[in-house]
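> Here the structure of chain A is known, so what remains is to put chain B in place on it, guided by the hints.
Chains A and B, in that order, are what the protein sequence lines are.
If you count by UniProt numbering, then the first sequence holds residues 1 to 157, one letter each, in order.
If you count by UniProt numbering, then the second sequence holds residues 1 to 157, one letter each, in order.
Source of the hints: derived by calculation from the structure; they are not laboratory data.
Ideal placement from N, C-alpha and C gives every residue a C-beta, glycine not left out.
There's no promise every hint is true.
In silico DSBU-like pairs for lysine-lysine, Cα to Cα no more than 35 Å straight-line [as the list claims (entries may be wrong)]: (1) B:Lys20 with A:Lys29; (2) B:Lys42 with A:Lys42; (3) B:Lys20 with B:Lys152; (4) A:Lys86 with A:Lys133; (5) B:Lys133 with A:Lys60; (6) A:Lys121 with A:Lys148; (7) B:Lys105 with B:Lys86; (8) A:Lys60 with B:Lys121; (9) B:Lys113 with A:Lys105; (10) B:Lys20 with B:Lys105; (11) A:Lys121 with B:Lys60; (12) A:Lys113 with A:Lys86; (13) A:Lys60 with A:Lys86; (14) A:Lys133 with B:Lys133; (15) A:Lys86 with A:Lys152; (16) A:Lys121 with B:Lys93; (17) B:Lys60 with A:Lys57; (18) A:Lys60 with B:Lys105; (19) A:Lys105 with A:Lys152; (20) B:Lys62 with A:Lys60; (21) A:Lys29 with B:Lys93; (22) B:Lys93 with B:Lys133; (23) B:Lys133 with A:Lys105; (24) A:Lys42 with B:Lys113; (25) B:Lys42 with A:Lys113; (26) B:Lys57 with B:Lys20; (27) A:Lys42 with B:Lys29; (28) B:Lys42 with A:Lys98; (29) B:Lys42 with A:Lys121; (30) B:Lys105 with A:Lys121; (31) B:Lys20 with A:Lys148; (32) B:Lys42 with A:Lys29; (33) B:Lys86 with A:Lys148; (34) B:Lys105 with B:Lys57.
Computed, partial: chain A to chain B, Cβ under 10 Å [what the hints assert, rightly or not]: (35) Thr91; (36) Lys93; (37) Ala96.
Number of protein chains: 2
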Amino acid sequence: MSTFTEEQAQLVLSSWNAMKTDAASISLKFFLRIFEIAPSAKEMFSFLRGSDVPLEKNPKLKAHAFTVFNTTCETAVQLYEVGAVKLRETTIKRLAPKHAMAGVKDAHFEVVKYALLDTIKEAIPDIWSEEMKNAWSEAYDQVAVAIKEEMKLLPSS
Amino acid sequence: MSTFTEEQAQLVLSSWNAMKTDAASISLKFFLRIFEIAPSAKEMFSFLRGSDVPLEKNPKLKAHAFTVFNTTCETAVQLYEVGAVKLRETTIKRLAPKHAMAGVKDAHFEVVKYALLDTIKEAIPDIWSEEMKNAWSEAYDQVAVAIKEEMKLLPSS
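Chain A with its partners taken away, still in its complex shape:
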């Protein structure tokens, strides 16, 4: 059982609400930050390899970035309401092999986490706080653990 509190869920939800209308552009900034930190990570995305479309106009990148951002927010609500990450089974079953095939390692989850937290901090500096950071951080960690646990169940390549 997670010890995620109602207050933490509220912090994530209130920041999400403050970003909602800009969620598409914030999501994109989030992934552009990842590639600023680790340019070689672009190679991991099949839809970026050999693409002529500029990063910031790639619809699949936007969609992926939004999904990560939104899933982390939804996870926060679940952690409080259900006490655990309950991504739909079809979702997690699909996520694990995709991430494994792309060669995602623990260190990648770390960089994505840093980029996510830093992007949110820049998006809503007025309401950002250490408590809000910790709430997003725990929600992210729990969803990362859920994906990593599922990845461990895959036949090793």
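Chain B only, in chain A's frame:
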């Protein structure tokens, strides 16, 4: 031959001069930033593994961080004056096996670069510019390439 210009060397040197009196604390911030982005990278440092000393008080971490910072600055001067990275042969011969043994990969060089540039930007916001960023960026890339080239010459493990 590098195309590093006198102006670029000046940009690195002038920012170095602006940071010099705080170089120790800026170096430390630089490495704390790396560990904020990638906490698992701490495992790569023999002197951090099993150490009870808080990160920010670890003298070896401070020394290492300062060396990376200072070497990048010195490289900028060399790139302009000599047209290439000329770390002393003993230095580069020592660096390559140490980095290889620690398991340093291309992605680590990327994260260190991001942390370095972002730390300098925060240290001297008033004089920071796109040109200054590019100058530091190229100096860093060249020293990273020099280490990586030397790493390739090592017997593979």
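> Could you run down the list of hints and mark each one as holding or not?
Going down the list of hints, with the structure as the test:
1. B:Lys20 with A:Lys29: Holds, because 33 Å separates the two Cα atoms, which is no more than 35 Å.
2. B:Lys42 with A:Lys42: Since the Cα atoms of B:Lys42 and A:Lys42 sit roughly 24 Å apart, the hinted pair holds (cutoff 35 Å).
3. B:Lys20 with B:Lys152: Within the cut-off at roughly 34 Å; holds.
4. A:Lys86 with A:Lys133: 22 Å, holds
5. B:Lys133 with A:Lys60: Within the cut-off at roughly 30 Å; holds.
6. A:Lys121 with A:Lys148: Judged against 35 Å, a Cα distance of about 26 Å means the pair holds.
7. B:Lys105 with B:Lys86: Within the cut-off at roughly 22 Å; holds.
8. A:Lys60 with B:Lys121: This hinted pair holds, its Cα atoms lying about 31 Å apart.
9. B:Lys113 with A:Lys105: 20 Å, holds
10. B:Lys20 with B:Lys105: 30 Å, holds
11. A:Lys121 with B:Lys60: 31 Å, holds
12. A:Lys113 with A:Lys86: 20 Å, holds
13. A:Lys60 with A:Lys86: Answer holds: A:Lys60 to A:Lys86 is near 25 Å, not above 35 Å.
14. A:Lys133 with B:Lys133: Holds - the C-alpha atoms of B:Lys133 and A:Lys133 are around 28 Å apart, at most 35 Å.
15. A:Lys86 with A:Lys152: 18 Å, holds
16. A:Lys121 with B:Lys93: 42 Å, violated
17. B:Lys60 with A:Lys57: 44 Å, violated
18. A:Lys60 with B:Lys105: Holds: A:Lys60 and B:Lys105 sit about 28 Å apart, inside 35 Å.
19. A:Lys105 with A:Lys152: 11 Å, holds
20. B:Lys62 with A:Lys60: Roughly 42 Å between the alpha carbons, so the hint for B:Lys62 and A:Lys60 is violated.
21. A:Lys29 with B:Lys93: Distance of about 40 Å is beyond 35 Å: violated.
22. B:Lys93 with B:Lys133: At roughly 28 Å apart (the allowed maximum being 35 Å), B:Lys133 and B:Lys93 satisfy the hint.
23. B:Lys133 with A:Lys105: 29 Å, holds
24. A:Lys42 with B:Lys113: 17 Å, holds
25. B:Lys42 with A:Lys113: Measuring from Cα to Cα gives roughly 17 Å; hence the hint holds.
26. B:Lys57 with B:Lys20: Holds - the C-alpha atoms of B:Lys20 and B:Lys57 are around 20 Å apart, at most 35 Å.
27. A:Lys42 with B:Lys29: The given pair, whose Cα atoms are some 27 Å apart, holds under the 35 Å limit.
28. B:Lys42 with A:Lys98: It holds: about 28 Å lies between the C-alpha atoms, which stays within 35 Å.
29. B:Lys42 with A:Lys121: 24 Å, holds
30. B:Lys105 with A:Lys121: 29 Å, holds
31. B:Lys20 with A:Lys148: 43 Å, violated
32. B:Lys42 with A:Lys29: 27 Å, holds
33. B:Lys86 with A:Lys148: Violated: B:Lys86 and A:Lys148 sit about 43 Å apart, past 35 Å.
34. B:Lys105 with B:Lys57: This hinted pair holds, its Cα atoms lying about 27 Å apart.
35. Thr91: Cβ of A:Thr91 sits 26 Å from chain B, so the hint is violated.
36. Lys93: With Cβ-Cβ at 26 Å, over 10 Å, it is violated.
37. Ala96: Hint violated; A:Ala96 Cβ to chain B Cβ min 20 Å, cut 10 Å.
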